[in-house]
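*Asks:* Chain by chain, the residues:
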Amino acid sequence: DTAVSQTPKYLVTQMGNDKSIKCEQNLGHDTMYWYKQDSKKFLKIMFSYNNKELIINETVPNRFSPKSPDKAHLNLHINSLELGDSAVYFCASSQDVGSGVYGYTFGSGTRLTVV
Amino acid sequence: DAKTTQPNSMESNEEEPVHLPCNHSTISGTDYIHWYRQLPSQGPEYVIHGLTSNVNNRMASLAIAEDRKSSTLILHRATLRDAAVYYCIRFSGYALNFGKGTSLLVTP
Numbered sequence: 022d023t024a025v026s027q028t029p030k031y032l033v034t035q036m037g038n039d040k041s042i043k044c045e046q047n048l049g050h051d052t053m054y055w056y057k058q059d060s061k062k063f064l065k066i067m068f069s070y071n072n073k074e075l076i077i078n079e080t081v082p083n084r085f086s087p088k089s090p091d092k093a094h095l096n097l098h099i100n101s102l103e104l105g106d107s108a109v110y111f112c113a114s115s116q117d118v119g120s121g122v123y124g125y126t127f128g129s130g131t132r133l134t135v136v
Numbered sequence: 025d026a027k028t029t030q031p032n033s034m035e036s037n038e039e040e041p042v043h044l045p046c047n048h049s050t051i052s053g054t055d056y057i058h059w060y061r062q063l064p065s066q067g068p069e070y071v072i073h074g075l076t077s078n079v080n081n082r083m084a085s086l087a088i089a090e091d092r093k094s095s096t097l098i099l100h101r102a103t104l105r106d107a108a109v110y111y112c113i114r115f116s117g118y119a120l121n122f123g124k125g126t127s128l129l130v131t132p
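Residue numbers (our numbering), protein chains in the order written: chain A, 22 to 136; chain B, 25 to 132.
Chain A extracted, bound-state conformation (with noise of 0.2 Å):
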């Protein structure tokens, strides 16, 4: 039983297009998160939920939109593809925000490659 899991595990579009990746805990965490890896492996925070408040907003265009209909999901949209999005992105989940003193759990990730 996959704790934090994300679909699609692969996506591939063409350039323009709108797509979504949604994230599912089941953990009972409280705070989700969105991360990116991109081609030179970097891995960076790009928006964190607290029961379903935005906590963290990094610069990241607007045409990321991260959305959660309720503290166990955290899905997130992406309006006019462009190919720099190609990346794999990861979906996190903690007990709480901000202290430290939880581990995250992360998903296996989703790669996408825009074409």
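In short, the hints are calculated from the structure, not lab data. There are no misleading hints in this set.
Here are the simulated lysine to aspartate or glutamate pairs, DMTMM-like style, with alpha carbons at most 25 Å apart: (1) A:Lys57 - A:Glu74; (2) B:Lys27 - A:Asp59; (3) A:Lys62 - B:Glu69; (4) A:Lys61 - B:Glu69; (5) A:Lys61 - B:Glu35; (6) A:Lys65 - B:Asp55; (7) A:Lys30 - A:Glu79; (8) B:Lys27 - A:Asp117; (9) A:Lys57 - A:Glu79; (10) A:Lys65 - B:Asp106; (11) B:Lys124 - A:Asp106; (12) A:Lys65 - B:Glu69; (13) A:Lys92 - A:Asp51; (14) A:Lys62 - B:Asp106; (15) A:Lys57 - B:Asp106; (16) A:Lys92 - A:Glu79; (17) A:Lys43 - A:Asp117; (18) A:Lys61 - B:Asp106; (19) A:Lys57 - B:Glu69; (20) A:Lys30 - A:Glu103; (21) A:Lys30 - B:Asp106; (22) A:Lys40 - A:Asp91; (23) B:Lys124 - A:Asp59; (24) A:Lys30 - B:Glu69; (25) B:Lys124 - B:Asp55; (26) B:Lys124 - B:Glu35; (27) A:Lys92 - B:Glu69; (28) A:Lys43 - B:Glu69; (29) B:Lys124 - A:Glu79; (30) A:Lys57 - A:Asp106; (31) A:Lys57 - B:Asp55; (32) A:Lys40 - A:Asp106; (33) A:Lys30 - A:Asp91; (34) A:Lys30 - A:Asp106; (35) B:Lys93 - B:Glu69; (36) A:Lys62 - B:Glu35; (37) B:Lys27 - B:Asp91; (38) B:Lys27 - A:Glu79; (39) A:Lys65 - A:Glu103.
Position chain B against the provided structure of chain A, taking the given hints into account.
*Replies:* Chain B alone, transformed into the frame defined by chain A:
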């Protein structure tokens, strides 16, 4: 800016202990030290974390210097499955900020 310094790469023989160092000389008193690893084509995986005292779990041990300016992740017996990028993160603010990590190569 992950605010930690790690060697780019390290190599170990299978079945031997591995000590992965991390420098976090500007750490503040409330910053936890987290370690994660990322195996090839997988998501980051939590390894261990601590604040001041040394910590042990089934995966590894974390030794934290008395002044907290450095720490060492200890894998007691490296296996081929431990080959991964290991990230030491000084947790301050609202989220984990990853640096470049140490790429660990384990040879048979």
